[in-house]
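Kindly generate the complete structure, drawing on both the sequences and the hints.
Heads up: the first sequence at position 200 corresponds to 961 in this note's numbering, and the numbers run straight through without jumps.
Please note: incorrect hints may appear among the correct ones.
What the hints assert, rightly or not - Cut-off 30 angstroms, straight-line C-alpha distance, at most; resulting in silico cross-link-like pairs (BS3-like, lysine-lysine):
| # | residue 1 | residue 2 |
| --- | --- | --- |
| 1 | K813 | K782 |
| 2 | K777 | K814 |
| 3 | K804 | K849 |
| 4 | K849 | K830 |
| 5 | K814 | K802 |
| 6 | K861 | K849 |
| 7 | K1008 | K951 |
| 8 | K782 | K984 |
| 9 | K985 | K908 |
| 10 | K837 | K850 |
| 11 | K837 | K985 |
| 12 | K837 | K777 |
| 13 | K837 | K805 |
| 14 | K837 | K884 |
| 15 | K909 | K804 |
| 16 | K837 | K951 |
| 17 | K777 | K813 |
| 18 | K804 | K850 |
| 19 | K813 | K861 |
| 20 | K949 | K1010 |
| 21 | K813 | K783 |
| 22 | K837 | K813 |
| 23 | K949 | K984 |
| 24 | K814 | K782 |
| 25 | K861 | K884 |
| 26 | K902 | K861 |
| 27 | K949 | K837 |
| 28 | K805 | K783 |
| 29 | K908 | K1027 |
| 30 | K909 | K1010 |
| 31 | K782 | K837 |
| 32 | K802 | K837 |
| 33 | K802 | K829 |
| 34 | K804 | K861 |
| 35 | K782 | K829 |
| 36 | K849 | K984 |
| 37 | K850 | K985 |
Unchecked claim - Here are the computed distance ranges between Cβ atoms for each label pair:
| # | residue 1 | residue 2 | range |
| --- | --- | --- | --- |
| 38 | P798 | K909 | 30 to 36 angstroms |
| 39 | E966 | A848 | 32 to 38 angstroms |
| 40 | L793 | G996 | 24 to 30 angstroms |
Don't read these hints as lab results, they were simulated from the structure.
Glycine included, each C-beta is placed from N, C-alpha and C at the ideal position.
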Amino acid sequence: MPELPEVETIKRDLEKIIAGKKIVCVCVHNPLVIRQPSVEKFKKGLTGATIKKILRRAKVLILELDNKKSLVIHLKMTGQLVYPGDAKKSRVSFYLSDGKILDFNDQRLFGELRLLDDWRSLKFIQGLGPEPFAITLSVFKQMLARKKTKIKPLLMDQAFISGIGNLYAAEVLFRARINPERSSNSLKSKESQVLYQVIREVLREAIRCGGSSVDDYVRLSGKKGNYASQHMVYGREGQLCMECKSKIKRIALGGRGTYYCPQCQK
DNA sequence: AATGGGACCTGCGCGC
DNA sequence: TGCGCGCAGGTCCCAT
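Here it is as structure tokens:
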């Protein structure tokens, strides 16, 4: 499931490899993923356009075009961008001026593609909380103090802080030694500070590794990211904690699988 | 206001 | 063998 580090990795890959190229043809194999506007307008608006700039906001990719429009991509859970692709399993294929294909794959069809005049006014974008790297420790502390929600669902709340999903929420809470069920405003000053620091460290290191390849995530090249080897709790139910050797537990929080070490995380 | 559940989807692994 | 079921999780939407 692509979260901030995975989307940032794809963004950087796109910047290196796709920026400056022209879309000569768009083939929509499954119209379900085209959310806005109509498929016909989507194709028409993209055909002949050159990709100028690649941006990321939270888990959203934005490809700004030379015709003032932007291709906005949310990969959701199983979305992939692959180049060069073969159009075999893709939901949408972008044929580029270099004769190669940029494929949008998405097994579960949760992904969303939009072609917009102004991506910043998209409701989802408007509702996003700050990027983790854009806030100071004191602001983060204030944000936590104002909420009494359980800390793990709160970290995943895109309106609170944007870009963190189920996997990284679990990993940062383990490293901060905070129980995922703790209420946000119960965190001591020192705990908030550690949490702030580990969020930055974990996200930065995950980006450096090209993201976590669990489930379907791959980089633009189709290669896997390397951060999964550094997971301490995610997906490790019943296995031994790497710190204390007790068993990693899995509970449901906000309807989501939540992995943690009951011994280390208090 | 905050929380919980279902919906959207598909493929996989499980038990029978 | 093969079937049905639950589950995976990002986000929206509705109900409480």
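Here is what the structure says about each hint:
1. K813 <-> K782: This hinted pair holds, its Cα atoms lying about 8 angstroms apart.
2. K777 <-> K814: The given pair, whose Cα atoms are some 11 angstroms apart, holds under the 30 angstroms limit.
3. K804 <-> K849: holds, 19 angstroms
4. K849 <-> K830: Given pair K849, K830 holds - Cα atoms ~27 angstroms apart, limit 30 angstroms.
5. K814 <-> K802: Holds, at about 21 angstroms.
6. K861 <-> K849: The given pair, whose Cα atoms are some 13 angstroms apart, holds under the 30 angstroms limit.
7. K1008 <-> K951: Holds - the C-alpha atoms of K951 and K1008 are around 26 angstroms apart, at most 30 angstroms.
8. K782 <-> K984: holds, 22 angstroms
9. K985 <-> K908: Roughly 36 angstroms separates the two Cα atoms, so the pair is violated.
10. K837 <-> K850: holds, 17 angstroms
11. K837 <-> K985: holds, 17 angstroms
12. K837 <-> K777: holds, 23 angstroms
13. K837 <-> K805: The hint holds at about 25 angstroms.
14. K837 <-> K884: Answer holds: K837 to K884 is near 16 angstroms, not above 30 angstroms.
15. K909 <-> K804: Violated - the C-alpha atoms of K804 and K909 are around 46 angstroms apart, more than 30 angstroms.
16. K837 <-> K951: Distance ~34 angstroms between K837 and K951 Cα, so the pair is violated.
17. K777 <-> K813: Status holds; Cα separation ~12 angstroms.
18. K804 <-> K850: holds, 19 angstroms
19. K813 <-> K861: Cα-Cα ~18 angstroms, so holds.
20. K949 <-> K1010: holds, 24 angstroms
21. K813 <-> K783: holds, 9 angstroms
22. K837 <-> K813: Within the cut-off at roughly 24 angstroms; holds.
23. K949 <-> K984: Distance ~41 angstroms between K949 and K984 Cα, so the pair is violated.
24. K814 <-> K782: Between K814 and K782 the Cα gap is close to 10 angstroms, so the pair holds against 30 angstroms.
25. K861 <-> K884: Outside the cut-off at roughly 33 angstroms; violated.
26. K902 <-> K861: violated, 48 angstroms
27. K949 <-> K837: At roughly 33 angstroms apart (the allowed maximum being 30 angstroms), K837 and K949 break the hint.
28. K805 <-> K783: holds, 14 angstroms
29. K908 <-> K1027: holds, 19 angstroms
30. K909 <-> K1010: Given that 30 angstroms is the threshold and the Cα spacing comes to 23 angstroms, the pair holds.
31. K782 <-> K837: Holds, because 25 angstroms separates the two Cα atoms, which is no more than 30 angstroms.
32. K802 <-> K837: Within the cut-off at roughly 23 angstroms; holds.
33. K802 <-> K829: holds, 15 angstroms
34. K804 <-> K861: holds, 17 angstroms
35. K782 <-> K829: holds, 15 angstroms
36. K849 <-> K984: holds, 17 angstroms
37. K850 <-> K985: holds, 18 angstroms
38. P798 <-> K909: 30 to 36 angstroms: About 41 angstroms separates the Cβ atoms of P798 and K909, which means 30 to 36 angstroms is violated.
39. E966 <-> A848: 32 to 38 angstroms: holds, 35 angstroms
40. L793 <-> G996: 24 to 30 angstroms: With a Cβ separation near 29 angstroms, L793 and G996 satisfy 24 to 30 angstroms, so the hint holds.
Comparing the model with each numbered hint stated earlier shows that hints 9, 15, 16, 23, 25, 26, 27, 38 do not hold.
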